[in-house]
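**Student:** The residues making up each chain are set out below.
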Amino acid sequence: MIEKGLVPALSLIGLLLLWVVAAALTADATILPTPWSLVGPFLRELQSGELLFHLGHTLLRVIWAFVLAMTVGMALGLVMGRFPKVDRWLDPWLVVFLNLPALVLIVLCYLWIGLNETAAIVAVTLNKVPNVTTMIREGARSFSPDLDAMATVYRMPPVTRLRHVLLPQLAPFVAAAARSGVAVIWKIVLVVEFLGRSSGIGFKIHLYFQLFDVRMVLVYALSFIIVMLVVEWSVLQPWERRVRRWRIA
Amino acid sequence: MVCPATLGTARAPLADRMIKVDVTRKFYGDTQILGRIAFEIKRGETVAVLGPSGVGKSTLLRIIAGIDHTYEGQVTRPEKMAIVFQEPTLLLWRSVLQNLMLIHPGLSDHAARGMLEKVGIGGKADLFPGQLSLGQQRRLALARAFAGDPEFLIMDEPFVSLDPQTAEVMLALTETLIAEVRPATLFVTHARAEAERLRARILELRGTPASLAPRLVL
Ligand SMILES: Nc1ncnc2c1ncn2[C@@H]1O[C@H](COP(=O)(O)OP(=O)(O)O)[C@@H](O)[C@H]1O
Ligand SMILES: [Mg+2]
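If you're matching them up, the sequences are chains A and B in order. So the first sequence is numbered by our numbering: it starts at 1 and just counts up by one. So the second sequence is numbered by our numbering: it starts at 1001 and just counts up by one.
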């Protein structure tokens, strides 16, 4: 039997080996550099402060878009799940926005709002809100009618009810929306930066793409991937375990 | 046409007849479930609504409790109510103690623990409800009902699907708590023995649409 934590580690090492083999077969550092040839440029960018500067900008955009998309999506999802009449009116909008390509929304936001930070964050948020709304609505539809009746008879105040009766039932759906949310949002943020910002990882990738510098594209991309994995493991997964505590107790 | 009925509000606390039920009709879609049902419950009185499964007992109870507003008629009920469902209906994600204190914000920690003690789950305060047996969960539901010192207690077949011994223990416990708190109690069941055990005034629900059967014998 292989230990539980060992499998993902071995699997990642396998991926790294695949990269090494592919780099060796390519034998052309301008197309696929070896992993260790990235270390030097990485340290240089880190020391110059360039990497951290752009990482910070991207991370800030991810956080803004994430918070906005989760807030708006949860409010909409709750209302639509709880009130079928509202749902009937808003559902067609949801379908339209769900099927709008991310690129279209981004371009339109830049054209209408301008090439600025607001447009960037609005574009990312609009891309994620329909998803969050759909998932939260599913949760709101599955609220226990018995608990609702109980809360009504005992005259629980609305805020207590939201916090201790409704939101805990919604927690698995919020967790799922948050995780898929982060995953999608940071990818869209890179596209937004690629298309119309002069800072951030996406901007740097755009720059090095024009210079055909595969090595620097990989340095910036991998740095951010690592940051997002750390967020996933150190923030999202522990939080999810905490809200699920009562299930396994 | 089904129109939402007006909500009854609390009358003067000394009013003898604190709960007044006068339901004229209740439909689910095109099916009429309830006909005319009228009765009153006095302070400290226990009324049992008896009837076979599916006759409309829970439907009537949801109207009286103020959960269902789509009926024709009028119900007057006090402000401080408590309910015990067939299922425990607990907040599974909050501790046993919090299940009392969140529902009754005025309850002190000490009083809440005392209530748990009284229903025999004193040592379980800090567990999650899912860690209790079904019997213990029902005790918690009882504790929650009585902890708020209700003026009106509503129970929907709370002892169904319990084995006879447990049902008896729960009945005795309920009897003690009712004697202590003295709420007006409405108790719905299909078991006449339970109703008699709680010395309830028995109303029988019969027919489709259901209405109260006249009492033939004393
Ligand atoms: N939400 C509902 N929609 C439609 N019919 C219902 C609904 N709830 C109950 N009924 C029907 O109403 C009748 C009475 O149900 P109920 O009040 O639960 O009976 P009891 O509690 O006496 O067993 C049953 O025939 C049931 O199928
Ligand atoms: Mg029933």
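Don't take every hint at face value.
Okay, the calculated bits of chain B under chain A, using three or more residues with CB under 8 Å as the criterion [said to hold, decoys possible]:
no. : stretch
1   : 1062 to 1068
2   : 1085 to 1091
Below 25 Å or equal to it, Euclidean Cα-Cα: the simulated SDA-like pairs (lysine to any residue) are [claimed, not checked]:
no. : chain 1 : residue 1 : chain 2 : residue 2
3   : B       : K1124     : A       : V243
4   : B       : K1124     : A       : W246
5   : B       : K1080     : A       : R163
6   : B       : K1124     : A       : R247
7   : B       : K1080     : A       : S144
If we take Cβ atoms under 7 Å as the criterion, some of the chain B residues that face chain A in the derived model are [as the list claims (entries may be wrong)]:
no. : residue
8   : F1128
9   : L1132
10  : L1134
Honestly, the hints are just simulated from the structure, not real lab data. Don't be surprised by glycine CBs; every beta carbon is placed ideally from N, CA and C.
**Student:** Take the hints in turn and mark each one as holding or not.
**Tutor:** Quick rundown of the hints versus the structure:
1. 1062 to 1068: holds (count 4)
2. 1085 to 1091: holds (count 4)
3. B:K1124 x A:V243: Measuring from Cα to Cα gives roughly 21 Å; hence the hint holds.
4. B:K1124 x A:W246: Since the Cα atoms of K1124 of chain B and W246 of chain A sit roughly 15 Å apart, the hinted pair holds (cutoff 25 Å).
5. B:K1080 x A:R163: 22 Å, holds
6. B:K1124 x A:R247: 17 Å, holds
7. B:K1080 x A:S144: Holds, at about 23 Å.
8. F1128: 5 Å, holds
9. L1132: Since chain A brings no Cβ nearer than about 11 Å to L1132 of chain B, farther than 7 Å, the hint is violated.
10. L1134: Violated, about 15 Å.
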